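Protein chains: 2
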Amino acid sequence: MSRSSSPRARALLRASHDRGFTAMRNITEHNITDAVVGRFENCPDPRLKEILTTLVRHLHAFVKESRITEAEWLEGIHFLTATGHITDAKRQEFILLSDTLGVSMLTVAQNHAQPPGTTEATVFGPFHVEDAPRYAQGGDIANGAPGEPLFVDTTVRGPDGEPVPNAVVDVWQADEAGFYDVQYRELSEHRARGVLRTDAEGRLRFRTVLPVAYPVPTDGPVGRMLVASGRHPWRPAHVHFRIQAPGYHTLITHVFRAGDPYLDSDVVFGVRASLVADFVAHGAGTGPHGRESDRDYHTLDFDFVLAREAIASTAD
Amino acid sequence: MSRSSSPRARALLRASHDRGFTAMRNITEHNITDAVVGRFENCPDPRLKEILTTLVRHLHAFVKESRITEAEWLEGIHFLTATGHITDAKRQEFILLSDTLGVSMLTVAQNHAQPPGTTEATVFGPFHVEDAPRYAQGGDIANGAPGEPLFVDTTVRGPDGEPVPNAVVDVWQADEAGFYDVQYRELSEHRARGVLRTDAEGRLRFRTVLPVAYPVPTDGPVGRMLVASGRHPWRPAHVHFRIQAPGYHTLITHVFRAGDPYLDSDVVFGVRASLVADFVAHGAGTGPHGRESDRDYHTLDFDFVLAREAIASTAD
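Chains as they are written, first to last, in the numbering used here: chain G, 216 to 531; chain R, 216 to 531.
Keep in mind that the hints were calculated from the coordinates and are not lab data. Keep in mind the model is a prediction, meaning the values are calculated, not measured. Cβ coordinates follow ideal geometry from the N, Cα and C atoms, glycine included. It is possible that some hints are incorrect.
What the hints assert, rightly or not - Capping the alpha-carbon separation at 20 Å, the derived lysine to aspartate or glutamate pairs in EDC-like fashion look like this: (1) R:K264 x G:E280; (2) R:K264 x G:E290; (3) R:K279 x R:E290.
Claimed, not checked - Which stretches of chain R does chain G cover? Using the computed rule of at least three CB atoms under 8 Å from a CB of chain G, they are: (4) 256 to 268; (5) 287 to 294.
To be verified - Which chain G residues stay away from chain R? Per the calculated CB distances, all over 12 Å, these: (6) G359; (7) G373; (8) P374; (9) D375; (10) D385; (11) H405; (12) R412; (13) R422; (14) P461; (15) L515.
Kindly produce the complete structure, drawing on both the sequences and the hints.
Laid out in structure tokens, this is it:
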């Protein structure tokens with residue numbers, strides 16, 4: 216089980232010494248940031264070097280400006296550990312942390328300088344799954360999820376108004392209790408979630424349930440952070456869409472329900488005015504697509520406009 | 216399973232609206248940082264508010280300055296998730312991450328403005344355990360750990376030279392293979408680790424094994440970060456000490472072995488010149504404390520000076 220310094224480690228060490236790395240025996244709060252950044256000097260990947268350097272400078276500046284104590288530092292270690300331990304195949308607490316600190320939305324916003332007229336992107340969120348069931352045009356993706364019926368009628372177009380046929384559209388949302396299917400431990404099938412394709416005219420119709428506002432999971436470290444900092448955990452009602460079509464940028468977005476009380480204080484900072492739409496209420500009777508509805512229902516019409524791949528990369 | 220907005224959530228929401236929080240529907244990369252910071256306005260704990268505000272500002276500045284892409288962001292999420300999943304009762308990868316990015320040492324340095332003449336602190340590291348075996352004065356804490364014998368003779372004093380009797384001293388270190396006992400999965404007992412007490416003159420003697428330089432664990436996410444960024448994973452040879460005595464600040468430090476090739480490039484930035492000491496080599500014969508040694512051995516003499524609690528808090 217004995218180990219000795221590898222030739223590679225010794226070469227790196229010699230390289231360090233050759234560059235005059237000899238003042239590392241008197242680390243203080245004033246020279247440590249440069250010392251750490253200097254250690255990335257041999258990083259073979261320039262992009263990784265840039266990211267690590269910028270990360271270390273800001274991480275250290277945060278610790279210095281806040282005068283973090285050792286007890287606070289240890290609390291931070293415990294927080295990250297708990298965040299890691301609650302994360303599993305069905306729950307991603309680090310994404311939730313990033314979402315609630317606005318980092319996810321910042322990343323989305325700075326990577327999607329939308330050409331005028333195209334639909335804005337928003338956060339992906341932690342509830343998407345890749346193996347959702349496929350539905351035919353007009354299908355009922357609710358699949359038994361509780362909620363008032365919602366009939367959705369959308370089109371997917373390109374920037375010049377051209378229909379985008381055969382686009383692959385992932386749809387996912389919470390039910391009337393405010394839960395996604397993956398949050399029900401006893402549930403083995405997918406509900407209020409599906410993958411569909413636009414028709415030759417770029418049109419897509421399906422039945423689902425009316426989404427409601429819901430709190431993000433509050434039984435973990437992120438929930439404790441929200442409570443401790445006096446923040447509410449609610450997201451305004453929305454339906455998630457991911458739209459993929461060859462030649463166009465993949466669009467990951469939501470459609471939010473107008474009138475929701477949380478539109479101005481979404482806990483994950485995902486709302487954009489252009490993504491808020493009327494979910495129109497109707498009394499029981501004949502619903503869209505000619506189907507009888509014996510209870511009240513809503514309809515949502517929304518048109519998506521994708522950015523073309525070439526155009527978007529020029530605009531970035 | 217139905218949930219509705221709690222009275223507390225509704226009150227927070229009203230408070231937000233009353234303060235004119237109405238521009239949150241058009242989140243962009245330019246206004247999101249202020250939007251997130253504004254969300255902590257109701258934080259009941261001023262210290263938590265300060266920390267979260269500073270954290271969000273630096274985290275966002277890092278993402279913006281580095282122009283983090285969505286793929287890079289997701290890689291970061293995966294990195295943190297893997298760091299959480301490899302962390303357990305015996306392994307703390309988040310502390311290792313903090314150590315290798317210099318955050319641990321920065322925190323130590325800015326919280327221990329040592330009064331002149333007192334011993335400097337350094338990083339705690341991830342290998343301390345609270346339930347180490349107790350040893351009497353002169354005991355052999357190696358407890359079978361492989362290595363050349365090392366006889367340690369220390370004193371613990373206060374700033375005026377007064378002996379500190381009955382101080383509780385935790386000692387822990389790697390063996391000649393460069394491993395701590397907790398890194399041997401098959402090992403159920405503690406080796407090269409113990410808790411001792413100073414005598415009436417503040418003196419403490421014990422036998423252990425000569426520490427060697429060792430690499431931090433490289434089979435996890437932190438190891439991958441070190442390799443990818445061209446850094447070696449080595450720490451110079453050292454023995455850890457934690458010294459606790461009523462009326463004095465607890466001292467957490469190392470004694471490093473002079474001549475070690477990694478003193479100038481410690482992967483966790485823990486070296487301070489004042490903590491480097493001679494580990495003196497001796498041929499086989501009569502060792503310290505009058506014990507016969509049939510093999511070569513080393514001795515280490517080192518004097519610790521603790522800061523007095525009142526004095527240290529004035530100096531901080």
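So which of those numbered hints doesn't the model satisfy? none
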